[in-house]
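If you're matching them up, the sequences are chains A and B in order. Residue numbering for the first sequence follows my numbering, starting at 1 and increasing by one per position. Residue numbering for the second sequence follows my numbering, starting at 1001 and increasing by one per position.
It should be emphasised that the hints constitute simulated quantities derived from the structure, not laboratory data. Since the model is a prediction, treat every value here as computed from it, not as a measurement. Take these hints with a grain of salt, some might be off.
20 angstroms max Cα-Cα, derived SDA-like pairs, lysine to any residue [to be verified]:
#: 1; chain 1: A; residue 1: K38; chain 2: B; residue 2: K1075
#: 2; chain 1: B; residue 1: K1075; chain 2: A; residue 2: E50
#: 3; chain 1: B; residue 1: K1241; chain 2: B; residue 2: I1164
#: 4; chain 1: A; residue 1: K41; chain 2: B; residue 2: S1098
#: 5; chain 1: B; residue 1: K1079; chain 2: A; residue 2: K60
#: 6; chain 1: B; residue 1: K1076; chain 2: A; residue 2: K60
#: 7; chain 1: B; residue 1: K1075; chain 2: A; residue 2: L35
#: 8; chain 1: A; residue 1: K60; chain 2: A; residue 2: S49
From the structure, some residues in chain A lie toward chain B, with a derived Cβ separation under 10 angstroms [what the hints assert, rightly or not]:
#: 9; residue: M22
#: 10; residue: I27
#: 11; residue: Y51
Backbone N, C-alpha and C fix where the C-beta goes; we use that ideal spot for every residue, glycine too.
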Amino acid sequence: MTCLLLAEMPLGFNFIEILLHMANIAILLIVMRFLIYKPVKKFMAKRASEYATRDAETEKSKADAEALKEKYESLLNNAQSEALRISEDATLVANASAERIIQDAKKKATTIIEKTEEELRIKATEDKEAMAGAISELAVAMATKILDREFRQKDNDAVINLIVGEWKKN
Amino acid sequence: MYSLLSGKFIDFWKSQYEEAFGGGMREAVQEAINPEKVNFLGLQANPAIYSALIASGLIIAFAIIVRIFVIPRFKKNPKGLQLILESFTTYFDRSATSSLEEKHGSFVGPYIFTMATFIAVGTLIEVLGFRPAFASINSSFACGVSTFLIINICGFREKKLHRIRRYVPNVMNIMSDLAVPLSLSLRLFGSIMSGFIIIELLYTSIFMSFAIPAVVTIITTFFHAALQSYLFASLSVIFVKEAIE
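Please model the complete structure; the sequences and the hints are all you need to start from.
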């Protein structure tokens, strides 16, 4: 074995040198693995994990936001339907109320008109009767003046009633 | 008279250059393939062992600095050195875990990351004036054997003793398994050594030793560093995948 290790070989082949180089490679492997390769890989894995967590959180937030959006859209749709229904109900109630008010007003107006017409009619009758009295007195006064003598009430009433009767007919 | 003087001037500088950088092409190639041994802890070793140790020292120093000063200041939006580190780590991790299971990928990922870095730095160290760390059959073979060990560790972890059964009906599987470290190491050695020899040959001529090596280095050193790192890492993953399937 010693002869093999120390023998002169082609191209300077030397087992001890090979072993030394292999030891050198082993040391390099340990150094590179623990000083560069693993720390860099660990850093990248940690960063990737952080990004994955952030992505998951973003996805979750997005899903939550979508759910909220759907919920609020549903609420909005319900509110719109409710508002429409309330509006329709209110319109119906208002229309009914307006109709009732109009009918009442018409009834009142009719009553007022009838009452006013009745009053006017009574007033006209009263006015005519008052006027007939005034005219008879006026006619007596006129006749007295013209004839310059005193007629009896009985004569007067006969004449006056004739004249007033004709007047009423007209 | 003028041509005589200029000829003597060139001859003088040529002799000075040869004295400083060695003789002709044959000597350059000889020196590249079989360099003068150096003393390393009492062992007569290839000078590439020092290059490998310097490259390892640079990598370890860089790793310590990065671990202490850079990684604790990592930000969520990577840029600069953080981006480079994350890109390389992710690339090698995905290469390993996409082809292999997580059980093996977490083990093979750091290995191919380390080997790719080591091969790249060990080759690029040539631009600092050192011999490339993999212009030595020993360092290249050490890489091949290391991958061979990783392949078998993963194979035994996955299949336990069933992995040995594949040798019983077909003995050729032993040859094909043994060819893996040879293939990996000789490919790496041949590629890096060829680039090194080309640069050495350029320096044998005084007329080609200016500017041209700077251009050729891009191909023979930078390109080889990137390509061999990538190839070694990819082939290691493929061989491990074969072993666990």
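Comparing the hints with the structure gives:
1. A:K38 / B:K1075: With a Cα-Cα distance of about 17 angstroms, the restraint between K38 (chain A) and K1075 (chain B) holds, given a limit of 20 angstroms.
2. B:K1075 / A:E50: 13 angstroms, holds
3. B:K1241 / B:I1164: 16 angstroms, holds
4. A:K41 / B:S1098: 15 angstroms, holds
5. B:K1079 / A:K60: 31 angstroms, violated
6. B:K1076 / A:K60: Not satisfied, since the Cα-Cα distance of roughly 23 angstroms exceeds 20 angstroms.
7. B:K1075 / A:L35: It holds: about 18 angstroms lies between the C-alpha atoms, which stays within 20 angstroms.
8. A:K60 / A:S49: 16 angstroms, holds
9. M22: The hint holds - M22 (chain A) has a Cβ within 10 angstroms of chain B, the shortest such distance being about 5 angstroms.
10. I27: 7 angstroms, holds
11. Y51: Interface hint status for Y51 (chain A): holds (9 angstroms vs cutoff 10 angstroms).
In the structure shown, a violation is registered for the earlier hints numbered 5, 6, in ascending order.
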